[in-house]
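J.: Taken in sequence, the protein lines are chains Y and H. Take the first sequence: its letter number 105 is residue 104 in numbering that gives the first Met the number 0, and every next letter is one higher. Take the second sequence: its letter number 136 is residue 135 in numbering that gives the first Met the number 0, and every next letter is one higher.
Errors might be hidden in some of the hints.
No distinction is drawn between identical chains; accordingly, a pair holds when it is met within one copy or between any pair of copies.
[To be verified] Calculated cross-link-like contacts (lysine-lysine; reagent style DSBU-like; alpha-carbon spacing at most 30 Å):
no., residue 1, residue 2
1, Lys109, Lys253
2, Lys189, Lys63
3, Lys16, Lys63
4, Lys204, Lys189
5, Lys16, Lys109
6, Lys204, Lys16
7, Lys204, Lys63
8, Lys253, Lys112
9, Lys189, Lys109
10, Lys112, Lys16
11, Lys253, Lys63
12, Lys63, Lys109
13, Lys189, Lys112
14, Lys177, Lys63
Derived from the structure by calculation, the hints contain no laboratory data.
There are 2 protein chains.
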Amino acid sequence: MSVFDSMVRHGLPLVPKFVVGAVARRYVAGETLEDAVRTIRELNAEGAMATVDVLGEEVQEREKAEAAVAEYIRIFDTIEELGLDCNVSIKLTLLGLRIDEEYCRANAEKIVKLAASHGNFVRIDMEDHSCTDATLRIYRDLQERYGNVGVVLQAYMRRTLSDIGDLLPMNPNVRLCKGIYREPREIAWKDFHTIRANFIAGLEKLLAGEAHVGIATHDEHLVWAGMMLVDRLGVSPDRYEFQMLLGVDPQLRKIILDHGHRLRVYVPYGRDWYPYSVRRLRENPTVARHVIRGMLGLGAAE
Amino acid sequence: MSVFDSMVRHGLPLVPKFVVGAVARRYVAGETLEDAVRTIRELNAEGAMATVDVLGEEVQEREKAEAAVAEYIRIFDTIEELGLDCNVSIKLTLLGLRIDEEYCRANAEKIVKLAASHGNFVRIDMEDHSCTDATLRIYRDLQERYGNVGVVLQAYMRRTLSDIGDLLPMNPNVRLCKGIYREPREIAWKDFHTIRANFIAGLEKLLAGEAHVGIATHDEHLVWAGMMLVDRLGVSPDRYEFQMLLGVDPQLRKIILDHGHRLRVYVPYGRDWYPYSVRRLRENPTVARHVIRGMLGLGAAE
């Protein structure tokens with residue numbers, strides 16, 4: 000493993016912000032809602048739906064959380080005005096989960112309530128394991144009262160199949176992804192094949208129940224498994240969609256759409272692009288290598 | 000692959016006994032029953048059950064086989080006296096299988112009969128393929144007459160799914176493991192993923208039947224598969240247990256216990272630790288590398 004790979008895998012303390020910034024240009028729509036709108040329009044034009052996310056997380060100050068709520072409220076007006084095929088994704092640590100759970104819940108409720116009045120939908124992202132229980136509590140509360148909320152479960156978590164079992168009776172809307180945070184072995188599966196297998200097992204459990212499912216993956220094996228399962232179980236097209244992140248494998252996006260499945264792209268924007276981009280970078284260190292080589296005038300790495 | 004790795008993989012002709020001895024300290028409780036008792040108490044204190052094994056195999060002299068029987072008889076008194084949560088595992092080549100099958104069966108019967116009088120259980124380990132048929136014959140005979148005996152099947156053996164089919168009507172108690180002996184390709188699967196898949200297929204067949212099952216593995220993917228299967232098939236907790244060897248991955252042991260599953264640890268002791276330790280070493284050559292580097296004062300390898 001090169002020094003660079005090692006650096007990347009161990010949390011990137013040495014990756015300068017300008018490098019991450021170059022990486023961000025691939026994964027982030029821009030700093031403003033207008034940037035996001037441009038991207039969403041392009042996606043809608045290719046037949047993809049979008050979910051827009053205001054970047055930011057782990058806020059400790061109420062002003063920041065409230066600025067985020069205000070930004071989300073601006074989003075719904077824009078979506079409606081421009082007729083975009085787009086819902087929103089929110090992160091509870093941006094809305095004040097680290098400050099106070101009830102305060103956070105109330106902030107999330109403002110967004111959910113406004114979304115409901117626009118006939119729109121809110122996905123609550125899942126963050127690291129310290130948020131899991133609170134996120135599920137807030138999801139249950141808001142979904143039961145408004146009915147337009149979804150949550151995310153991560154296939155790398157040992158608890159996920161059990162969480163699916165707990166949620167199924169409420170016919171939940173669940174985005175299933177592998178998970179991207181660094182979690183301890185005690186609570187998270189670490190083996191690549193086991194995580195894949197657990198993703199498939201969770202997906203089957205969700206689809207065999209009455210859940211609506213976002214199949215969120217760039218792993219083509221899981222795309223295959225998802226297509227197999229919806230076919231075998233005869234899942235109606237409105238009960239599932241594939242989901243991918245902006246900037247990852249547009250060709251796969253097209254393949255999924257060309258096969259007649261619905262697909263939604265996660266479109267993050269905002270000034271706080273650093274932690275999101277670092278996670279993307281950890282997932283795909285090659286991107287940073289390309290960026291750095293490009294900067295040094297070395298040409299493509301491979 | 001280094002010369003050392005190659006040496007280790009090809010049967011360790013060059014590994015000196017003192018190196019294997021250093022390795023044994025990790026996988027063997029000690030040379031005496033008292034050493035084993037200390038280990039079993041520690042395991043019981045962490046919530047794990049144990050199965051104790053007197054090291055030794057391939058004996059050609061009746062005195063050695065009879066000494067082993069006497070040692071097992073001493074074990075049951077100790078288990079009862081100290082209230083240990085522990086059963087026993089026996090190897091038929093230690094009890095004289097290479098001398099004479101009927102002689103071996105009679106020795107095993109002495110142990111099984113005494114176990115039955117103590118309300119305890121005897122697992123007959125499976126050894127290399129030359130023992131498979133005799134081991135299954137002795138298992139059937141003793142189980143039918145005493146009811147407190149279990150056997151082992153190895154997922155690497157091509158015959159195993161068929162053996163499961165043959166045993167299922169008697170509601171057997173089967174430990175399923177991958178298998179550790181060097182078997183010819185004609186009778187054993189060699190591919191890692193195929194052995195895994197055969198393990199899962201065998202496990203499902205056992206659990207879907209009425210068997211009691213010891214899920215004996217350190218492969219976390221198979222731990223995952225076991226958890227999935229008992230959940231999906233609704234297997235009651237008294238019908239299965241996970242099983243691991245002493246000295247292998249205590250963190251995984253804790254994870255399994257923390258998730259509410261029963262777990263039993265295989266605790267070997269005795270003076271004849273060489274062949275057992277060589278098999279462990281072949282399974283995990285890294286251990287020997289660490290031992291040798293430590294001896295040479297080279298520090299940790301990685």
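J.: Next, verify each hint and record whether it holds.
T.: Now for the hints, and whether the structure bears them out:
{"no.": "1", "hint": "Lys109 to Lys253", "result": "neither (35 Å within a copy, 43 Å between copies)"}
{"no.": "2", "hint": "Lys189 to Lys63", "result": "neither (34 Å within a copy, 45 Å between copies)"}
{"no.": "3", "hint": "Lys16 to Lys63", "result": "within (22 Å within a copy, 66 Å between copies)"}
{"no.": "4", "hint": "Lys204 to Lys189", "result": "both (21 Å within a copy, 27 Å between copies)"}
{"no.": "5", "hint": "Lys16 to Lys109", "result": "neither (34 Å within a copy, 71 Å between copies)"}
{"no.": "6", "hint": "Lys204 to Lys16", "result": "neither (41 Å within a copy, 52 Å between copies)"}
{"no.": "7", "hint": "Lys204 to Lys63", "result": "neither (38 Å within a copy, 55 Å between copies)"}
{"no.": "8", "hint": "Lys253 to Lys112", "result": "neither (33 Å within a copy, 44 Å between copies)"}
{"no.": "9", "hint": "Lys189 to Lys109", "result": "neither (37 Å within a copy, 46 Å between copies)"}
{"no.": "10", "hint": "Lys112 to Lys16", "result": "neither (37 Å within a copy, 72 Å between copies)"}
{"no.": "11", "hint": "Lys253 to Lys63", "result": "neither (37 Å within a copy, 41 Å between copies)"}
{"no.": "12", "hint": "Lys63 to Lys109", "result": "within (15 Å within a copy, 76 Å between copies)"}
{"no.": "13", "hint": "Lys189 to Lys112", "result": "neither (38 Å within a copy, 45 Å between copies)"}
{"no.": "14", "hint": "Lys177 to Lys63", "result": "within (29 Å within a copy, 55 Å between copies)"}
Hint compliance for this structure: hints 1, 2, 5, 6, 7, 8, 9, 10, 11, 13 are broken, all remaining hints hold.
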